[in-house]
Amino acid sequence: MTEPADMAEDLLPVASRRRFLRRGGALMGGAVASGLAGSEALAATETSENLPPNVPEWMKTPGDPMGSQLYGTPSPFEKGVVKNIPKNLSQYLSASGRTPLQDLDGIITPNGLFYERHHGGVPTIDPAQHRLMLHGLVDKPLIFTMDDIRRFPSQTRIHFLECSGNPTYKKPFGKTASDLVGLLSCAEWTGVSLKLVLQEAGLQTGAKWVVAEGADSAALTRSIPIEKCLDDAMLVYSQNGERLRPQQGYPLRLLLPGFEGNMNVKWLRRLHVVAEPAYSREETSKYTDLMPDGSAREFTLYMEAKSIITRPSGGQRLSPPGFHEISGIAWSGHGKVSRVDVSVDDGKSWQEAQLQQPVLTRALTRFRLPWHWDGQPAVIQSRAIDETGYVQPTLAELLAVRGDNSFYHNNAIWPWRIAADGEVTNANA
Amino acid sequence: MPMREFRVALFAIVALACAVPAHAQSPYGIGRAAAPAEIAGWNIDVDRYGNNLPPGSGTVNHGRDVFDQQCAACHGASRCH
Chain A
1 MTEPADMAED LLPVASRRRF LRRGGALMGG AVASGLAGSE ALAATETSEN LPPNVPEWMK
61 TPGDPMGSQL YGTPSPFEKG VVKNIPKNLS QYLSASGRTP LQDLDGIITP NGLFYERHHG
121 GVPTIDPAQH RLMLHGLVDK PLIFTMDDIR RFPSQTRIHF LECSGNPTYK KPFGKTASDL
181 VGLLSCAEWT GVSLKLVLQE AGLQTGAKWV VAEGADSAAL TRSIPIEKCL DDAMLVYSQN
241 GERLRPQQGY PLRLLLPGFE GNMNVKWLRR LHVVAEPAYS REETSKYTDL MPDGSAREFT
301 LYMEAKSIIT RPSGGQRLSP PGFHEISGIA WSGHGKVSRV DVSVDDGKSW QEAQLQQPVL
361 TRALTRFRLP WHWDGQPAVI QSRAIDETGY VQPTLAELLA VRGDNSFYHN NAIWPWRIAA
421 DGEVTNANA
Chain B
430 MPMREFRVAL FAIVALACAV PAHAQSPYGI GRAAAPAEIA GWNIDVDRYG NNLPPGSGTV
490 NHGRDVFDQQ CAACHGASRC H
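Heads up: the sequence lines are chains A and B, in that order. Numbering-wise, the first sequence is residues 1 to 429 according to the numbering used here. Numbering-wise, the second sequence is residues 430 to 510 according to the numbering used here.
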């Protein structure tokens, strides 16, 4: 987030580039916007010509004309706020990209920063040639076009999505909030209730599971309990008001609020109504939880209550001592977040944070706590409590029960250590 | 309405109701029927008993060899993601 903005010069429209060249100096990017940069660092990169009492140069000439961007993009000064993609992987067709949680506000993830996980690359699908097939234990097997799907009564809801391997149980743990739990995003989804589509075909006796399959080259397959399909499951075609991005399953995906991300099958092409789960690769070899005694928990579908402080958080620098708002996000696959506690003394005492309203079920919930940092070393952390009364555990509590063979469903508390110089690091690392 | 005419009308309504097929009408009438051949071409999931496997055969050892030769370079020798 602190790359010099002049690296973005070739991305600028001509008028902006001219101003950029005139200015000549390298202003800092996202670090300035975040307000967390050291004041000395800021002073060293500022030029005085745009500061009081001078009139800034961007007031002296007209700005870019209408139409210079037909699809808007962020300011070039925010070019460091991008998806967090692991470096030096042996392949990138089955990989993941994380949301930069520490650079975002509120509860909605912009579509371009929504986390990604694919198992066979991102297919380019012509919606006119895409079909959804619904068959198996139904009275009338059906095929739907995308126009058909959009003829159904629509609904719009806000829900989070989280990969269940977010993060793992073994060191090394990540440095930033994005490294740790960046396989998490939240959006407003529009589509049709899956229940309506299933009723169109007519469920038969014995219909207990629905096998959902993607139209990617992995034909990713997961089995969904029929109870979820008839509850709040949706077939989604729009995200945050626009059609799904290809990375999110364009033109159609499954949305299972509160269930692990992998089950929210993208590029959805087939729903097979069956009596038993398929026991596909993604629910046997993967997405089961190996316990210390050698047994494996299977179909651990719900994402349990969790929270993390995103500001201040790892990789940021707190300066100067004085007032700082602590802010973060909490969520639960079981419903609404009912409370978030924050500790600024390494877990010795806890204070109740303010929750951004409205608190929505199975959605991110933004929390805030005013804080006066005295400039001394500190450890800060948050814990979520959901409406079922469940309390987010510490990493030690989780490891004591599940061991570290388990790869999925780590919903531990993640404390941040703040040094005397304001540097913020992962206290569990 | 005289009682006799009422009975006739009632009979007609009951007869019409009985003429509706055993399966209820689709609530919205959206989508078209999927033909058996279309389903056969697209239905590629295999259950835990091995039903719906494509023609052919294989062994665990052969699978290990294929993985080593064609997959391990990217996915690693010990575990794949």
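One thing to keep in mind: the hints can contain errors.
Derived Cβ-Cβ restraints for the label pairs, each shown as a range [claimed, not checked]:
1) A/70 <-> B/457: 32 to 38 Å
2) A/70 <-> B/488: 54 to 60 Å
3) A/425 <-> B/484: 16 to 22 Å
4) B/489 <-> A/242: 44 to 50 Å
5) A/425 <-> B/461: 42 to 48 Å
6) B/461 <-> A/397: 49 to 55 Å
7) B/461 <-> A/64: 18 to 24 Å
8) B/458 <-> A/86: 47 to 53 Å
9) A/64 <-> B/462: 51 to 57 Å
10) A/400 <-> B/458: 52 to 58 Å
11) B/466 <-> A/66: 51 to 57 Å
12) B/491 <-> A/346: 52 to 58 Å
FYI, nobody ran anything at the bench for these hints, they're computed from the structure. Just so you know, these numbers come straight off a predicted model, no measurement behind them. Built from N, CA and C at the ideal position, the CB exists for glycine as well.
Against the structure, the hints come out as follows:
1. Against the hinted window of 32 to 38 Å, the Cβ-Cβ separation of residue 70 of chain A and residue 457 of chain B comes to about 36 Å, which satisfies the hint.
2. Between residue 70 of chain A and residue 488 of chain B the beta carbons are some 56 Å apart, a value that agrees with the proposed interval 54 to 60 Å.
3. Against the hinted window of 16 to 22 Å, the Cβ-Cβ separation of residue 425 of chain A and residue 484 of chain B comes to about 57 Å, which falls outside the hint.
4. Judged by the Cβ atoms, the range 44 to 50 Å given for residue 489 of chain B and residue 242 of chain A holds: they are separated by roughly 47 Å.
5. With their beta carbons about 59 Å apart, residue 425 of chain A and residue 461 of chain B fall outside the hinted range of 42 to 48 Å.
6. At roughly 53 Å, the beta carbons of residue 461 of chain B and residue 397 of chain A sit within the given window of 49 to 55 Å.
7. In this structure the supplied range 18 to 24 Å is violated for residue 461 of chain B paired with residue 64 of chain A, their Cβ-Cβ distance being about 49 Å.
8. In this structure the hint that residue 458 of chain B and residue 86 of chain A lie 47 to 53 Å apart at CB holds, the actual value being about 48 Å.
9. At roughly 53 Å, the beta-carbon separation of residue 64 of chain A and residue 462 of chain B lies within the given 51 to 57 Å, and the hint holds.
10. For residue 400 of chain A and residue 458 of chain B, the Cβ-Cβ distance of about 56 Å falls inside the hinted range of 52 to 58 Å, so the restraint holds.
11. For the pair residue 466 of chain B and residue 66 of chain A, the beta carbons lie near 53 Å from each other, so the given range of 51 to 57 Å is met.
12. As the Cβ distance of residue 491 of chain B to residue 346 of chain A is approximately 55 Å, the hint placing it in 52 to 58 Å holds.
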